[in-house]
Amino acid sequence: MTRRFPLHIVVFLAPAVVIYTVFMIYPLLDSIRLSFYSLDETGLPYFDGFKNYFTLFNDPNWSGAFWNAFWNNIILFAIHMLVQNPIGLLLAACLSLPVLKGRHIYRTAIFLPTMLSVVIIGFIWQLILSPLWGVAETLMDFVGLAGFFGPWLGEKGTALVTVSLISVWQFVGIPMMLIYAALLSIPEDLTEAATIDGARHWQVFWRIKLPLILPTLGIVSILTFVANFNAFDLIYAIKGGLAGPDFATDIMGTFFYRTFFGFQLQLGSTTMGATVATIMFVIILVGVLIFFFGVQRRLLRHQL
Amino acid sequence: MRHSSSFTWARAGLAAAALAGFALAAPIAASAASSLTIESWRNDDLDIWMDKIIPAFNKSYPDIKVVFAPMPPADYNAGLNTKLAGGTAGDLITCRPFDASLELFKRGSLASLNGLEGLDSFSNVAKSAWQTDDGATTFCLPMASVIHGFIYNKEIFSELGLSVPKTIDQFNAALATIKAKSKYTPIALGTSDQWESATMGFQNIGPNFWKGEDGRQALIKGTQKYTDAAYIKTWEQIAAWGPFMGKGFKAQKYPDTQNLFSLGRAAIYPAGSWDISTFNKQADFKFGAFPPPLPAGQSECYISDHTDIGLGINKASKNMAAAKTFLNWMATAEFAELYANALPGFFPLGKHKVKLDDPVAQQFVDWRGTCKSTIRNSYQILSRGTPNLENDLWNVSAQVLNGTLSPQQAAAKAQAGLNAWYKPHQ
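Protein sequences appear in the order of chains U and Z. Take the first sequence: its position 215, counted from the start at 1, is 219 in our numbering, and no numbers get skipped. Take the second sequence: its position 224, counted from the start at 1, is 1152 in our numbering, and no numbers get skipped.
It is worth saying that the hints were derived from the structure and are not from the lab. A quick note: this is a predicted structure, and the numbers were derived from the prediction, not measured. No false leads were mixed into what you were given.
Here are the computed distance ranges between Cβ atoms for each label pair:
hint	chain 1	residue 1	chain 2	residue 2	range
1	U	I287	Z	S1040	44 to 50 Å
2	U	G151	Z	S1091	35 to 41 Å
3	U	P64	Z	A1244	38 to 44 Å
4	U	S42	Z	A1101	52 to 58 Å
5	U	S42	Z	P1171	44 to 50 Å
6	U	T142	Z	S1091	33 to 39 Å
Some chain U residues near chain Z, calculated using beta-carbon distances under 10 Å:
hint	residue
7	W66
8	F153
9	G272
By construction, the Cβ of each residue, glycine as well, lies at the ideal position given by its N, Cα and C atoms.
Starting from the given sequences, assemble the full structure and let the hints guide the process.
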């Protein structure tokens, strides 16, 4: 007797496969398809090969804006990697100290901004930093630093860094939670054994705990990368679609928004927008691939 | 048991829905000869349409039922396109100015209004926002414009003994006096949102330099460039405002600017007329308005009287005749008076003389009698290409105020953008 067709496998896979295909894979492939089209006078699409890509990278009016958004996005990512994730690690390490009291309060307080709407975050921080009504200058005055205060969100040199740090403030709870969970899963036998062998606190952290949570740090990095290259809302809420001054805060998300939906008198272009979206997809894909094959697979995994 | 009961409920629900639908549909079918639905982004105006405009229309035309069906402004363009594509859009369509509506006309969504008698009560400048490039076909009836100028705090002016400036020299002298003699911010304007720098700055004072329509048409024809003296002088004038603006104006947003003025902390506010209703609600001092000050030795004045809202007919409408009746009524003095008084700061575009109850709005509209009207020079045709001229003007005007671009550099950048794609400038 032949074996029955394994129908249950199909049944169990179907919901995920169907939902994922309908809502993720199909729209993704269709927007890639759309990027190879242009619209004629009456708004009907026709196949145009790689023309949109050629325009995006060769026409200085497009490529200038694209590379500006790309580099700004790299800066945004760099600030998150250099500030958000180390602070997240530090906070997680502090939270996991056995002597700490009231850790639930700290944990909740630090995680809270993550759950707030970006519109509220943007509004609050603009008020805090406002040169007209803000409390930042007064607070700096208490410690004698009022002279260093400036309209940071409006200066070309500081706007992007300021917005990035606001984003760091909002999202630092996520790496903290992930790393905290990883630290908790380290068995106490290991740290105790190290202590008995004469290792001090600092050595236990660097030699025992950090190597064990490296895979989690990898996951945190990749989540940061994907989130930053898909970012849009905070910049839009604070600086608007034109991401001023002089596009100093323009990132891939805002560039895509203007291209696809249009802005004020600029009419949106679905095909050019699809091109930008495809490039964003490629950037994220390449980044993730480099990470998985270049970094994550080489990490030593310790069996606990 | 559970199945049969839910089945009964579903049937009961269906029956109820069918009954409700019938009850709703019946009176419409029975009473109105025709019914018009208006698509609009002005959800703020819902009360005004329901309580004032539609009842006034029905006094003359009781047979035509009108429904005002607005959506939030940010959803309008996308929502309208979806409805038009699906064939569910209303009979009358509120028109954004220039290219957004022109595209709807080209795609066959808006009907041509040529021959509609109501159009005769509008000037060519008013109609230009809803015409094909050659001016041959008009596809929306002009509804309202916004006028630019300056609103000033009368109490601060009398406290400092200032009179209303008529020339640029007097204007600059007033700014210097306010700064030297008081703690008030001389001029309320911020560059964080960028658009005010172009709209309330460049396009507000510029028409006096480029002679209104003459300059605007010359730019479209390609006989003038943004690097010409008129435009550079406009940016130079804006650059001179820099030292008189609020502390940290680079991070000051539009609502900050409005608050700065309505709290009585700033003396002069470069305005769009729509700000009047905000200040009527918020400011507890008397304020007035003056038109953009004149360059030395010039007597002709020009104002930006910018076409903002129109109304067109959905080409697929089944009530074409009723829709035309409604548009013709909108061209009358009755509608103009009603609309202008309901929304101080939005001015009807017809040739009728309108009496306004709001004194500041009346000041704004009076300038139409003494000055020549024009519209923002980047709106018609010139903002079609890449880079987008309007975006460029926001960017460079904000940078001129910030001091990161000189007026010459700003002009060169705007012109280079046009050179990149606009044939008459190549």
